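Each residue of the sequence shown is one higher than the one before, counting from 1 in my numbering.
Bear in mind the hints are in silico, worked out from the structure with no lab data behind them.
Predicted model only: the values in this text are computed from it and were never measured.
There could be a bad hint or two in this list.
Distance ranges between label pairs, derived from CB positions [said to hold, decoys possible]:
id, residue 1, residue 2, range
1, Q68, G46, 33 to 39 Å
2, Y14, P62, 18 to 24 Å
3, D72, Q95, 29 to 35 Å
4, L37, L123, 31 to 37 Å
5, P90, G11, 16 to 22 Å
A virtual CB, placed ideally from N, CA and C, is assigned to each residue, including glycine.
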Amino acid sequence: MLLHMTKVAYGCAYVGELREWLESHGGGEARTSTRYLPKRHQEMVGGSLFWIHHHVLIGRTPLLGFAQREEDGRWWIRMEPRLVAVRPIPRRAHQGWRYLAGADAPPDLGGDAEAGEALPGRLVSELAKLGLV
Numbered sequence: 001m002l003l004h005m006t007k008v009a010y011g012c013a014y015v016g017e018l019r020e021w022l023e024s025h026g027g028g029e030a031r032t033s034t035r036y037l038p039k040r041h042q043e044m045v046g047g048s049l050f051w052i053h054h055h056v057l058i059g060r061t062p063l064l065g066f067a068q069r070e071e072d073g074r075w076w077i078r079m080e081p082r083l084v085a086v087r088p089i090p091r092r093a094h095q096g097w098r099y100l101a102g103a104d105a106p107p108d109l110g111g112d113a114e115a116g117e118a119l120p121g122r123l124v125s126e127l128a129k130l131g132l133v
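Modelling step: build the complete structure from the supplied sequences, incorporating the hints.
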């Protein structure tokens, strides 16, 4: 079973900004850094990095692997430069990243929902409080 990870989309004002950042990377991969290599990193290759925006899982980016940065010893999280919308699920924010079991991962949004913009995280949070999401 694949293992995924979650990470907060820190600094993104809206979901489209995260999508733009991912797509702006050339060379067929986007990268973000982390201080430590996950101990279970081999299980995560082929999995996804699920993004948390305003306390809601809003999308995923397929993981390509990990590589050590030469300049400071930190690690690159290598990803495909795309954001796949998923069914929004409330999630607490955290620092760094966390593991996410494949069974706990939300399903992708299919059809026309994938082509459009995801609901804003704050709106999903409010709808979740009301039991509507």
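*Return holds or violated for the Cβ distance of Q68 and G46 against the range 33 to 39 Å.*
Violated: the Cβ-Cβ distance is about 20 Å, outside 33 to 39 Å.
*Starting from the hint 16 to 22 Å, judge whether the C-beta atoms of P90 and G11 obey it.*
holds, 20 Å
_Verify the CB-CB distance for Y14 and P62 against the hinted window 18 to 24 Å._
holds, 22 Å
_Range hint 31 to 37 Å (beta carbons of L37 and L123) holds or violated_ = Between L37 and L123, where Cβ atoms are some 36 Å apart, the hint holds.
*Can the suggested window of 29 to 35 Å be confirmed for the beta-carbon pair D72 and Q95?*
Roughly 19 Å apart at Cβ, these two residues miss the hinted range, so it is violated.
Violated hints, in rising order: 1, 3; the structure is consistent with all others.
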